[in-house]
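Enquirer: Chain by chain, the residues run as shown.
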Amino acid sequence: MPPCNDPIRALAERTALVDGMVEGFARERLWPSFPAGLTLMAVGGYGRRHLFPYSDVDLLLLVESSRLAQDAPDAISAFIRALWDSGLRLSHSVRTPEECAEIHDQNIELNVSLLDQRFLAGDRALYARFAERLPRFLHAQRDPLMRNLTTLSRERHRKYQNTYYHLEPNIKDTPGGLRDYQLVRWLAQIRSVEAPQIEPAFLFLARLRCFLHSRAGRDQNALTFDAQEQAAVYFAAPGAAQWMRDYFRHARDLYRAAVREMESSEAQSSSLLAQFKDWRTRLSNTDFSVARERVHLRAPHALEADPELALRLFQFVARHGIRPSAAAEQSVAAAVPQLAQWFSTPQPVWPALKEILSLPYAAEAVRGMQETGVLRALFPEMAQIECLVIRDFYHRYTVDEHTLVALQAVEGLRGTREPAVKRYTDLLSEMEEPALLLCALLFHDVGKGAANGAHAEASLRAAEPALERIGMPRAERDLVGFLIRQHLEMSAVMNSRDLQDPATARHMAARVETVERLKALTLMTYADISAVNPSAMTPWRAEVLWQLYLLAYNELTRELETSRIPSVPSETPQKRAFLAGLPTRYARTHTAEEIDAHLGLDGVFRQRGVALSLEKVAAAWRLTLVTADRPFLFASVAGTLSSFGMNILKAEAFSNSQGTVLDTFTFADPTRTLELNPTEMDRLRLTVERVVLGRLDVRQLLQNRPKPAPPSRNSEVRPTVSFNPEASDSATLIEIVAQDRPGLLYDLAAAISAEGCNIEVVLIDTEAHKAIDVFYVTAGGRKPETAQLEKLGGALQQACGG
Amino acid sequence: MKKIEAIIQPFKLDEVKEALAGIGVDGMTISEVRGHGRQKGHKEVYRGREYTVDLLPKLKIEVVVADSRYEELVKTLTNAARTGKIGDGKIFVYDVAEAIRIRNDDRGDAAL
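Which chain is which? The protein sequence lines are A and B, in order.
Start counting the first sequence at 1; every next residue gets the next number (the numbering used here).
Start counting the second sequence at 1001; every next residue gets the next number (the numbering used here).
Just a sample of chain A residues kept apart from chain B, beta carbon distances all over 10 angstroms, derived:
1) ARG9
2) SER86
3) LYS159
4) ARG218
5) ASP287
6) ALA420
7) ARG469
8) LYS616
9) ARG672
The list that follows gives simulated cross-link-like pairs (lysine to aspartate or glutamate, DMTMM-like), each with its CA atoms no further than 20 angstroms apart:
10) A/LYS650 <-> A/GLU476
11) B/LYS1085 <-> A/ASP498
12) B/LYS1002 <-> B/GLU1071
13) A/LYS172 <-> A/ASP56
14) B/LYS1060 <-> B/GLU1015
15) A/LYS422 <-> A/GLU433
16) A/LYS354 <-> A/GLU308
17) A/LYS354 <-> A/GLU476
18) B/LYS1002 <-> B/GLU1098
19) A/LYS172 <-> A/GLU199
20) A/LYS616 <-> A/GLU593
21) B/LYS1017 <-> A/ASP498
22) B/LYS1090 <-> B/GLU1032
23) B/LYS1060 <-> A/ASP498
24) A/LYS616 <-> A/GLU675
25) B/LYS1060 <-> A/GLU543
26) B/LYS1085 <-> A/ASP501
27) B/LYS1090 <-> A/ASP498
Because the hints were derived from the structure by calculation, they are not lab data.
Cβ coordinates follow ideal geometry from the N, Cα and C atoms, glycine included.
Based on the provided sequences and hints, a complete structural model is requested.
Expert: Structural data, given as structure tokens:
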């Protein structure tokens, strides 16, 4: 097949050929019966002289009156038959000028086809009557026409998941296909405005469609993998994957132009809707104004002097879910070269990015960053996966699109009610820093651009310097790095290991090490699988993944008591004595600096009987306490913090072989007492010390505080208290999930101590008003008796309000 | 011709596929299914709530082969899918009346 370098000319030539055939057959079969009162018009693609090799030929027979057409049906039939028999795929209709000037809600195509009409042959006076009516009709019916057209197009876009990134696109119907080119032109024509510049994309697709038609010998518009291979040769491109990147760039231009044109039409056609949407204008601030459901930059030129304005724009998008206006997008896109320059030197933009990723519409904001080029300016590493095609039967999207769809999958978890999915939603709400999960997803497949096979390591190598460059702290980089490196692990275990085998649970637990990481990796796996194709996350897979999560979760909880740090001969005697017997979790969740600080406290404790430190961490406070274990200790400290009005968010209590306990409490200070009154910090420290040393009774402290209202029975979290005596050889596991409230931890711990039980290990976590508490308890050095547990169960239920 | 329908443990899929490819059987239909036989379900405890897994996730493999090949296929499949524990699954064998390749009307063994 010779390359078709000038598709416009080729299409026009075919149109002229068909014109000749139509006119010839009309002369023979039609005009003898219709000397007047009948006009032949070319409409649709034929009308605009874009007749592809195997496209339908749309013909309109305009008749003076419907009676006239009925008078000579044989002549019309003979004419149509002759065209069919000559091999044309004819699509025809017979209408009067009046019928042409009616709005057809059920047959939008008819109205739309008239936008591209032209006279072919027949009664010129009749055509003149029609042509005179047409502009009036278009003007009068502008709004319903635009509405019908945009509704139809949005339905078509939805059918293809609103994305142009399909690995085997239909070049006519997929978003960014030829239909979007027509849509842009029609809407501009109806609104009497100039159509945007999209001809290069049209020329590319027109050439491609000519090729696909000639190749298949029929109206074939699917760009299959086979067709891509051949098209790359035909277009003289270096390879199919490379050539598809060209295709996607053109499709992107058309799709964006189509979306913009539809939005402008909708804004113009529905002033009532626009007014309704305008209530959001109150969100406007000094940087941005909101109008017609779009964010506008108040001073676009400020981008040059203030590159962070671009990030603030996307923070705004992520917070409110309002997209930037076309003008704002263009301004940002124009500033990309300066942004790239600015980002190329280390800039502490992680706090700004973290905020974007923490907000409810993060996925939408990141999509905006990608479309404007800001994401690539920030992370040039992303260039490797732009429009990158993975050619197999499972992946539906290009790698960059897969990444964005994965972010959307996380966002989609919020607000779902589907029970099989809801449990993943719960996991997400229990995550302390969802932004780190999204950040890991952003980079998880970046290595696919460079590596064959093991891309997880390549992704990590690309991510590490990038995250360091934007100033992400070490601890956060560790978690993100862990998630990127292990992002295939759970899928691999699901597919290749026996979930019933206890070794699988141990393997998974050893890989993730902590419950926090397990939750993040489970969600990462959920999002990654969901973004392979729209039906990849089947209920079956969601179930298998959940079972794997359960196994590993239960293993990690069991391990808290059973897996202890052995005596390490290489350490100093003091460090060896301190570490020996602490849960393995301690070593996994603390840095070397933190362990050294705890050792320092241990030294103080040996001299004074108690040692504690109080420090501010991010938005909360942390109290660390080292002392000798004794009954009621944990409850007393929790109670002391409550008596100061503090709200405990997290707590851990570990003890080593020598009976030294290390308790950490992370708590919020809702009234900012400690921050505003430095003397209160000293008073808190002193009070805790006196309580620990038994010089002050915590019940006295709590006496004067108002008893908090019991949690409402309608609260979202139904309290559960469960015992598992099998979890460990020496202690019984108590797991409690309850609605959080001030003083809850004190009440729970006090109930356990009051029952004569000793608290061996504690892990408390509070996220989204839900307290998740794990206690390991003993009584007299053994597991508590059943009767004792039954009594304790009742007391704990009461404390939870259940 | 025989149709072999095998319910197997999900984690055995790769081994089974490789074993079948080893004896020249490449075509098969795989579906995600849930069910239980004698293994029944089991209970998981998560945060104190018992969580019954009564229908276990399994995979169903369907293959149609010529009569002459079916014993070999069943043997290969059993060996690959077996762990020796409860829950390994089952194989069902059916007689197939006819096979037709839609593309070119091939019939019988030629269509397989």
